[in-house]
Amino acid sequence: MNTRILTLAATALLAIITFGCSGGADELTLVTYSSFPAADTDLNDALAAFTEETGITVNILNAGDTGTMVTKAVLASGNPEGDVMWGVDNTLLSRATAADVFEPFVAEAASTFDDQLVALGNGIVTPVDFGDVCVNFDRAWFDNSALEPPTTLDALADPTYASLLAVQHPGTSSPGLAFLLSTIARLGDGWTTYWEDLVTNDVLVTNDWEEAYYGAFTRAGGDRPLVVSYGSSPPFEVLYGDDPTASVAPTGVVEDTCYRQVEFAGVLRGTDAPDEARQLIEFLVSADFQQHIPLNLYVFPVADVALDQVFIDHAVIPDAPPALTPADIDAARASWVEQWISITG
Amino acid sequence: MDQHHRLNRPPRWFTTAVTTPPAAIALGFVIVPVAMLSAQAISIEALSTTLSDTRTWKVLGFTTGQALISTIATVALGLAPGLVIARSDFRGRQLVLSLFAAVFVMPTVVMAAGVRALLPGDPTGLVPIVVAHTLFNLAIIVRGIATAPVPLDMEHAATVLGARRLDVARTITLPLLRPTLIGLSTVVFALCFTSFGIVRILGTTTSTTLEVEIWRETIILGRIDRGVVLAIVQLLTLVVGLALWLVIRRRSMPHQHGRRQPLSRQGLLIVVGSCLVVLAPIIALIRGSFLVNNTLSLSGWRNLFSNSIRPGLRLGFDPAQALLTSLTTAALATMFALIIATLVVAATASSPNIGRIVDGAAMLPLGISAITLGLGLLITFDVPPVDWRASSFMTPLGHALIATPFVMRPAIGALSALNRRQVHAAATLGAQPIRALANTVVPIVAIPLLSGAGFAVAISLGEFGATSMLSRSGGETLPIIIERLLSRTGGDFRARAYGLSIILASATMGMVIALDTAASRRQR
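Order-wise, the sequence lines are chains A and B. Each residue of the first sequence is one higher than the last, beginning at 10 in our numbering. Each residue of the second sequence is one higher than the last, beginning at 1021 in our numbering.
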């Protein structure tokens, strides 16, 4: 009798497992970071069009911020929460690939993208968008002072610009880390001296972007007219500001300080629908989807699509700022941050 | 003697029936996931590096120190208003009590920014952390004491017999309140000890908590193994701390709540003063909701429930839908928490020894790192038929796990004021043991349970703990929308976020008042 129960249980379990695995072909789960809209934007409409065309429904799974998403994917490697991941960036990519999170796949369309961006994906993932972290300045503040806004990274360490800059802690903030990487990519071993100078120059360190941009920045009522933010912040200051038709954005970008963050999409290893997953990635880098990226995700498309006028008027996209490879970043990040702490601490 | 004792005990099946579900939930959704993650991630190398790093012990020291100071400050500040509200009847009493709960759902970033603005010199570190913790947790002490049985009649008798007021407090009120106070401060201590959001913003590289370090190691640096070691250090410290606490917990003398008095002038001052303290952050919110880029504007309120940015450009989330999701989630979470808490209280009432174990198990979610628990759940419930990684019931269940200690703690405190002789008397007079228990215990624990449920509402609406680690598909709650609005460039978004925070605080107050009213109806 015991055997019979056991057989029955085994059959039931098998049925559940088979049932659980047999789906998939007409449904995909797209794992993304939390700022990816779950519904009701042009991006979601584009995904609906993909469904109409292919019969594949795309469910969006919000896995938290990018760091949380990658940590979870590493733990679930081989038994993923979804089929495709959107949004792992160049600072976290190595961590994911080291844990075999992805099944290597690069979209065909990638051959038409910027080679540098594609190369960062290392043949495992496809770049889908990019954006820059840059020092922003408050135009009104500089207009009212005798100072001109700085134009170089070095100028920030100059006593002329003492007590004007707010940055984020690289150990707790993603733009903070990007700005640290920017100094390392540009100055090499000289980055430590540079930061010592910044400290002498009374740089303000906050724990996150919000505290810097909406606390310390003069535009928000603080006393720092220079703040580490994004290259796309000025157009959004216009778009979401009091006057969406303003000819000059209230903030500007110091181009020489920018660091590029590239985001990738990949097929999650262990998916039961690898073919459909690849099909989805091809769609994610197609013009139909890419054209909606800037206004909804605050970053720029990798595909060659027309930008909204507001970006042409107000955004700064430096050509190929110096970059570090994902492998370099992952290998040295902890020790860089620790060194940085000992300098600024 | 032994025979007599057994006679009055509820049957064993009853104890088993009330003990099993909470124990199973603690085992399945807390202990097993954390054990699974530890087993998968931990390594000898991580153990030795983390434990030999002096930083670990420095952070542990700061974590413990700030939690102790925060707890003492919270109790010191909450004791007087709690006692006044407990013993007085006045109009707006429930409004005041709900106000304290509303502070609980304040977005952490808003509270942290408010505290920094309030203190001179824009400080970080110990002082602002303690201030923010005190503001947040004041509600636990005030509401907990306000709903505990206060021995008014005994106090009155002592006063009539010529005792001075301070002596009355020292010799009667405080000793009798001790189990309640110790229970409440345990909860506050655990919350401050595992604090994340506040410390992430107000802390510094050295003035930080283990929970923030766990996050830094696990999420930022990707060293899950070291994160798990820190989580174990955190849990063990808390368990040792709580064990010490339990040693000093003494049974209270049985007493009953006396009749409430009208509010004295002194009492009025205390209540108004404490209200001003908790109102300060709410007023800051209201002010912020009318400011766009530092100029006065109504646009935040005008666009409050709109899901568009400008014609043709949409936000990608719907605040009205999120409010609805928050309310349903809170209702479910509160129901779960009430059921679990009632079972734990029943277990404690029917068998104090077994009850203590279940009680401890139900307290675990407060002491376990939310990040570790969230990741543990991810790798535990990952195979069919239990692939629940993005199931819609995980969020309310997670909220309920965090809320249960708040719901059960005051009730268990009140239980210690129960005269066990009453239960025995009822049983001796012929009542069935379960009925004897029901007749004596239910009237005492019903009010604290219901008012504790108000906390469950606040906790769920405020959305904190392990649930923020769970993946979700759709079903955003209001705090998530607020956080997303706050992290965007654009002054209008901030005003909207503040406006929505006010809506969230008002919804909390509404639901808490409803539950408190239900509780006081019971009392009559």
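No lab work stands behind these hints: they were computed from the structure. Note that CB positions come from ideal geometry on N, CA and C, so glycine has one too. The reader is advised that the hints may include incorrect statements.
[Unchecked claim] To spell it out: a stretch of chain A is covered by chain B in this simulated footprint if at least three of its residues, at any positions, have a beta carbon under 8 Å from a beta carbon of chain B; those stretches are:
(1) 66-75
(2) 270-277
[Stated by the list, open to error] Computed beta-carbon distance windows for the label pairs:
(3) 1406/B x 63/A: 23 to 33 Å
(4) 1139/B x 314/A: 42 to 52 Å
(5) 44/A x 1052/B: 28 to 38 Å
(6) 124/A x 1530/B: 54 to 64 Å
(7) 321/A x 1328/B: 14 to 24 Å
(8) 314/A x 1077/B: 46 to 56 Å
(9) 1048/B x 44/A: 55 to 65 Å
(10) 334/A x 1328/B: 35 to 45 Å
(11) 347/A x 1184/B: 55 to 65 Å
Evaluation of the provided hints:
1. Evaluation of the coverage hint for the segment 66-75 of chain A: fulfilled, as 7 residues show C-beta separations to chain B shorter than 8 Å, against a requirement of three.
2. Coverage of a stretch by a chain is defined here by at least three residues with a beta carbon nearer than 8 Å to that chain's beta carbons; for the segment 270-277 of chain A and chain B the count is 0, and the condition is violated.
3. The beta-carbon spacing between residue 1406/B and residue 63/A, approximately 31 Å, falls within the hinted interval of 23 to 33 Å.
4. A hinted range of 42 to 52 Å holds for the C-beta pair residue 1139/B and residue 314/A, which are about 49 Å apart.
5. Remark: the range hint 28 to 38 Å for residue 44/A to residue 1052/B is upheld by a beta-carbon distance near 32 Å.
6. For the pair residue 124/A and residue 1530/B, the supplied restraint of 54 to 64 Å holds, since their beta-carbon distance comes to about 58 Å.
7. In this structure the supplied range 14 to 24 Å holds for residue 321/A paired with residue 1328/B, their Cβ-Cβ distance being about 23 Å.
8. Between residue 314/A and residue 1077/B the CB atoms are about 54 Å apart, so this pair conforms to the stated range of 46 to 56 Å.
9. The hinted range of 55 to 65 Å is not satisfied by residue 1048/B and residue 44/A, whose Cβ atoms lie roughly 33 Å apart.
10. Between residue 334/A and residue 1328/B the beta carbons are some 41 Å apart, a value that agrees with the proposed interval 35 to 45 Å.
11. At about 59 Å, the CB distance of residue 347/A to residue 1184/B agrees with the hint of 55 to 65 Å.
The structure shown violates the earlier hints numbered 2, 9.
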